[in-house]
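S.K.: Listed here are the chains, written in short residue letters.
4 protein chains.
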Amino acid sequence: MPLKSYVLALSILLMASSVFGQVNGPTQPEATETYEPVPPRVTPGLDGAPPSDAIVLFNGKDFDQWISTSDSTSVNWHLNKDGSMTVKDKTGNIQTKQSFGSIQLHIEWRSPKEVQMSGQNRANSGVFLQGLYEVQVLDNNDNGTYVNGQVGSIYKQSVPLAMASVPSGEWNSYDIIYHAPKFSRGGNIVSPATITVLHNGVLIQDHFEIEGPSEYIGWPQYKSHGKRPLMLQDHRDNSRVSYRNIWVRELD
Amino acid sequence: MPLKSYVLALSILLMASSVFGQVNGPTQPEATETYEPVPPRVTPGLDGAPPSDAIVLFNGKDFDQWISTSDSTSVNWHLNKDGSMTVKDKTGNIQTKQSFGSIQLHIEWRSPKEVQMSGQNRANSGVFLQGLYEVQVLDNNDNGTYVNGQVGSIYKQSVPLAMASVPSGEWNSYDIIYHAPKFSRGGNIVSPATITVLHNGVLIQDHFEIEGPSEYIGWPQYKSHGKRPLMLQDHRDNSRVSYRNIWVRELD
Amino acid sequence: MPLKSYVLALSILLMASSVFGQVNGPTQPEATETYEPVPPRVTPGLDGAPPSDAIVLFNGKDFDQWISTSDSTSVNWHLNKDGSMTVKDKTGNIQTKQSFGSIQLHIEWRSPKEVQMSGQNRANSGVFLQGLYEVQVLDNNDNGTYVNGQVGSIYKQSVPLAMASVPSGEWNSYDIIYHAPKFSRGGNIVSPATITVLHNGVLIQDHFEIEGPSEYIGWPQYKSHGKRPLMLQDHRDNSRVSYRNIWVRELD
Amino acid sequence: MPLKSYVLALSILLMASSVFGQVNGPTQPEATETYEPVPPRVTPGLDGAPPSDAIVLFNGKDFDQWISTSDSTSVNWHLNKDGSMTVKDKTGNIQTKQSFGSIQLHIEWRSPKEVQMSGQNRANSGVFLQGLYEVQVLDNNDNGTYVNGQVGSIYKQSVPLAMASVPSGEWNSYDIIYHAPKFSRGGNIVSPATITVLHNGVLIQDHFEIEGPSEYIGWPQYKSHGKRPLMLQDHRDNSRVSYRNIWVRELD
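Protein chains in written order, with UniProt numbering: chain A, 1 to 252; chain B, 1 to 252; chain C, 1 to 252; chain D, 1 to 252.
Hints are not guaranteed to be accurate.
[Said to hold, decoys possible] Calculated pairs, DSSO-like style, for lysine-lysine (alpha carbon to alpha carbon, straight line, at most 30 angstroms):
#1 K88(D) with K113(D)
#2 K61(C) with K88(C)
#3 K227(B) with K182(D)
#4 K182(A) with K227(C)
#5 K227(B) with K61(D)
#6 K182(B) with K88(D)
#7 K223(D) with K182(B)
#8 K223(B) with K113(D)
#9 K227(A) with K182(C)
#10 K61(C) with K81(C)
[As the list claims (entries may be wrong)] Chain D regions said to be covered by chain C (calculated; three or more residues, Cβ under 8 angstroms):
#11 56–68
#12 74–88
#13 240–250
Hints in this document: simulated from the structure, not taken from any laboratory. Here a beta-carbon is modelled for each residue, glycine too, at the ideal position from N, C-alpha and C.
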């Protein structure tokens, strides 16, 4: 080959060897290239807006994607003019019509600016993955509680790595990567659910292996299930928590 | 107790049982509450800005946190007035003075609006975790290449789940959760590095188990190491890739 | 040091390096020696006879270690003059008074020399670890059946690696290494039971991960349990299977 | 069906349900039966004699299956009239001509009745699986040493669960279930070797995960390899250890 090509090839090899070390297996770079399948093109959203392939679960205009958990009727929560919804006390939990397995989930929530009560009774709600596994929503600003039940906890299972809330009355975001549990044909748990949570961009749950459905009393135990709806909690204590901009992307 | 308390307790119990199912172990809710250690309070940043506990590696004003990889001298890349840096061709890779293990990393990058060349030669750079494990940076807009070497790939190991770039000339973000590999006392790999990447908020690498240092030729093989610097690549082909707003949070 | 010692040390080092390769960590051999705790001294038995630390469950003289499974009364099986026992049809399963977790188990069994019936009805019995997980006992000499139910199978879960029976009427041995399943505090299976079986000295089950309690119908599902008795089966079809020389050593 | 059949079917079902519990999945017993592939028929040996499918590595008559490890020439150890071999001091290790992966191994060994020296110098030899991973052979009768180097240890890695030797001058047996390590295409260890050892019928190594090649000095580290010969050690200190009745069965 011409000198120039030789020098180029040599410099690439040297770069590779200085950065990377010895070569195992194939000795040609082409041997480790793959060309298909080609991943899908997704147009990202800005600042939490849904990407082009997201399933928008709440866009601020209606409750079309939701039903009441207790009786499957239409949702009685407040639909606000600013494109958010607010828990209506004692109307019960709500859940999506659609069922999901593993998902990427974006959801935004806000606790009231005017605080009421304290501990677990200050703006308590929750995001229940598959209706069973709760990421706690709570106003912990100047408000202590048990740490495995504070904001961003996997309720009574995993204390968050940090308390990263914005002030009461401002909007928080949860960006969640959730993998559904896997069960044997006979119903044994063979692979627990895992969850990663960014709270306002701060990592607070780091691929935590969920121990089972969230329990108020006692230890968690898995029961075999397939796809299930996403659920939002009415804690029945006038929490007045609001939600907006909810979207998911289904993962394998 | 007064009737009201009794009704409240009953309704809580009913809510718990209807949502959660049977009780294993303790029969009192207090038995499963924990109160310490209390997680640290972190003030989040807005739209990718660093949280209060982040180590800011590049704030747009200087290269104080960086050195040249090849000779440990000061960095020769371009420092731009808009608070970004740009690769200066053939001046070599740069790396942080500080060494890291497991981290949450935020980094923003931009390929030039005016495109040059094609395939792997169009705006090629890379974010090397611990200087060894590369998340590919490349302008793939209307520009194909091998998919395990496209933008957002773990180079030659993991095809991204999606191609989520913004148009050439606009700013992309990578939000990365990286866990360093663990080695036995004798140097065996016992726990591979793992990586999760959000590209402009879209999940493109989902807790991928890295197979070893990124290799241009051949298969990857781990070699035992401790903490190491973060490295950014000069691909030596006039890539003109720019970076800004780089921060990390150390994980255990 | 004197020349002789020097040569000795050198030759040991050379031997080590030629056999073993490079040195990681400590450079003195003493650094990798440990002196306690000292393992117990056990006097082995000959040809399947119990070692000095074994719990002898059946020595041919009485049923003192056994009860009827159905009603906890004394055992109605046959006690033979040659130091063996034989299933008495339709008197039910029997089990040890003592409960066990993980064990090494030696047990010998014999199917009748005069065969009766065929398939699953020819000398069918079973060794149930913890009363739940069955190693099949069956006369498969010139007698076919479903292979996951043949002699040495983990019943309906694992086909044996070989059919290693002696002729009908002669004594077989099972040497079993069994590890009990482990459960979470809430009752999830976190580590399945494992079993290794040597049938007449031939490996037929190789650290098989048991899927759950043996089921005649349907798929297995674990239910949390602690130590439980060893059980022997009366298959209720005049199996006339005999047992002798049963001992265990507790593991963990 | 006739009444008798009905009663039989019912009683089988009742037995199944009382023993086994609830039914998951199929409701017919036939649905969980499998009929192929049919495992091979193996005629077992008596008291450690080789089964019909074993590869006999030493039958007491010649060294046809063995070579000297250092120079691949014929073996210089002693061939005894009683069908055993004895280490000839300073002639070097010997190994099989054939290479093996995972195996079941039976081997018998004897230390001299007349003891010499002490500690690691009393009848020291070793069985090296794949020529790399040593099960220690040593006369520990009234002879202490570091416990991770005593008889039955995985040398400097795993203390045996018991010291189960017969008196000096009598024959010991090792029955070993060994699984070869697995490596990635790039040479990473992905599944360590495992070993189970029965010493004179007593479990002394219980599915131990081997940490790497046995090292006299320093910590073990795996290097990728395929099938390799079985090796027996000349410890070069007049150990006079004898071996006999060596056979293997290849596992997947």
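S.K.: Would you mind marking each hint as holding or not holding in the structure?
M.R.: Each hint tested on the structure:
1. Between K88(D) and K113(D), the direct Cα distance comes to roughly 17 angstroms. Compliance with the 30 angstroms bound is thereby established for this hinted pair.
2. With a C-alpha separation of about 17 angstroms, the suggested pair K61(C) and K88(C) falls inside the 30 angstroms cut-off, and the hint holds.
3. For the proposed pair K227(B) and K182(D), the alpha carbon gap of about 27 angstroms is at most 30 angstroms, so the pair holds.
4. Restraint check: the Cα-Cα separation between K182(A) and K227(C) comes to about 27 angstroms, which is no more than 30 angstroms; the hinted pair holds.
5. Of the supplied pair hints, the one linking K227(B) and K61(D) is violated, its CA atoms being roughly 58 angstroms apart against a limit of 30 angstroms.
6. A distance of roughly 44 angstroms separates the Cα atoms of K182(B) and K88(D); the hinted pair therefore is violated under the 30 angstroms criterion.
7. With a CA separation close to 17 angstroms, the supplied pair K223(D) and K182(B) stays within the 30 angstroms bound.
8. For the suggested pair K223(B) and K113(D), the alpha carbons sit about 48 angstroms apart, so the restraint of at most 30 angstroms is broken.
9. For a cut-off of 30 angstroms, the pair hint linking K227(A) to K182(C) stands: about 27 angstroms separates their Cα positions.
10. For a cut-off of 30 angstroms, the pair hint linking K61(C) to K81(C) stands: about 8 angstroms separates their Cα positions.
11. Coverage of the stretch 56–68 of chain D by chain C is violated [criterion: at least 3 residues with CB-CB distance below 8 angstroms; count 0].
12. Taking a C-beta to C-beta cut-off of 8 angstroms, the stretch 74–88 of chain D contributes 0 residues in contact with chain C, too few for the three needed, and the coverage statement is violated.
13. For the stretch 240–250 of chain D, the proposed coverage by chain C is not satisfied: 1 residues have a C-beta within less than 8 angstroms of a C-beta in that chain, short of the threshold of three.
Hint check: violations occur at hints 5, 6, 8, 11, 12, 13; the rest are consistent with the structure.
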